[in-house]
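> Please model the entire structure based on the sequences and the hints provided.
Top line first, the protein sequences correspond to chains A and B.
Just so we're aligned, residue 1 is where the first sequence starts under our numbering, counting upward by one.
Just so we're aligned, residue 1 is where the second sequence starts under our numbering, counting upward by one.
Note that these hints are calculated values from the structure, not bench results.
Some hints here could point you the wrong way.
What the hints assert, rightly or not - For lysine-lysine, the following BS3-like pairs were computed, each having C-alpha atoms within a straight-line distance of at most 30 Å:
no., chain 1, residue 1, chain 2, residue 2
1, B, Lys-9, A, Lys-102
2, A, Lys-68, A, Lys-57
3, A, Lys-81, B, Lys-9
4, A, Lys-81, A, Lys-57
5, B, Lys-57, B, Lys-9
6, A, Lys-102, A, Lys-76
7, B, Lys-57, A, Lys-102
Said to hold, decoys possible - In silico contact screen, one side only, chain B against chain A (beta carbon under 10 Å); selected entries:
no., residue
8, Gln-6
9, Gly-42
10, Phe-45
To be verified - If you want the ones that stay clear, here's a sample from chain B, every Cβ over 10 Å from chain A, calculated:
no., residue
11, Thr-7
12, Pro-8
13, Thr-13
14, Thr-15
15, Arg-22
16, Ser-65
17, Phe-69
18, His-73
19, Glu-75
20, Ser-79
21, Leu-83
The beta-carbon is built from N, C-alpha and C at its ideal position, and this holds for glycine as well.
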Amino acid sequence: GQNIDQPTEMTATEGAIVQINCTYQTSGFNGLFWYQQHAGEAPTFLSYNVLDGLEEKGRFSSFLSRSKGYSYLLLKELQMKDSASYLCALSGGGADGLTFGKGTHLIIQP
Amino acid sequence: DSGVTQTPKHLITATGQRVTLRCSPRSGDLSVYWYQQSLDQGLQFLIHYYNGEERAKGNILERFSAQQFPDLHSELNLSSLELGDSALYFCASSVVGSGDTQYFGPGTRLTVL
Chain A
1 GQNIDQPTEM
11 TATEGAIVQI
21 NCTYQTSGFN
31 GLFWYQQHAG
41 EAPTFLSYNV
51 LDGLEEKGRF
61 SSFLSRSKGY
71 SYLLLKELQM
81 KDSASYLCAL
91 SGGGADGLTF
101 GKGTHLIIQP
Chain B
1 DSGVTQTPKH
11 LITATGQRVT
21 LRCSPRSGDL
31 SVYWYQQSLD
41 QGLQFLIHYY
51 NGEERAKGNI
61 LERFSAQQFP
71 DLHSELNLSS
81 LELGDSALYF
91 CASSVVGSGD
101 TQYFGPGTRL
111 TVL
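Below, the structure written as structure tokens:
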């Protein structure tokens, strides 16, 4: 099976930088996704890492290390609208759908 | 807007009843996935259909079933409903399958009283 761990909640300040970590245990997987989800709304796609390294997309970057079973999502120049849950998910590895972590609830303070 | 549509937005029903949730994928996507999100379990994969055929089952109860029609829209049928089935139900679509980015619909909030 697959197991994904993320911190339950984090707090950061508007304009700052925050790093949300995700560790996982799996026998294999195709890639790792990050989604953003505002309360009661649909998850929206942020990034996808297949290879080790950093993927940058505007204010958001995501990093993957397969050997360490570790990923992080980096959010820069935080805005109040970034207050949301951030979900780490694995694809493949014998599981057909995405396997999601429980998500990290990010609170942005002024 | 992801391009995935789901109806209804909200559904309130009683224990023991049966409901049908509907999903239309993004134009051109052949795969539809269904997920259940409850407060204690997070997002759980239920079932995957590709071009009308069932591809894989996840944590789906025997009381639940789904199908994908020739026009690629999908329906999730939930029967003999229990209080614990109250949750948000999302469908997602992707071009083909595993490894492709999945785009989520707005969800159906099911409340079982």
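> Could you tell me which of the hints above the structure violates, numbers in ascending order?
none
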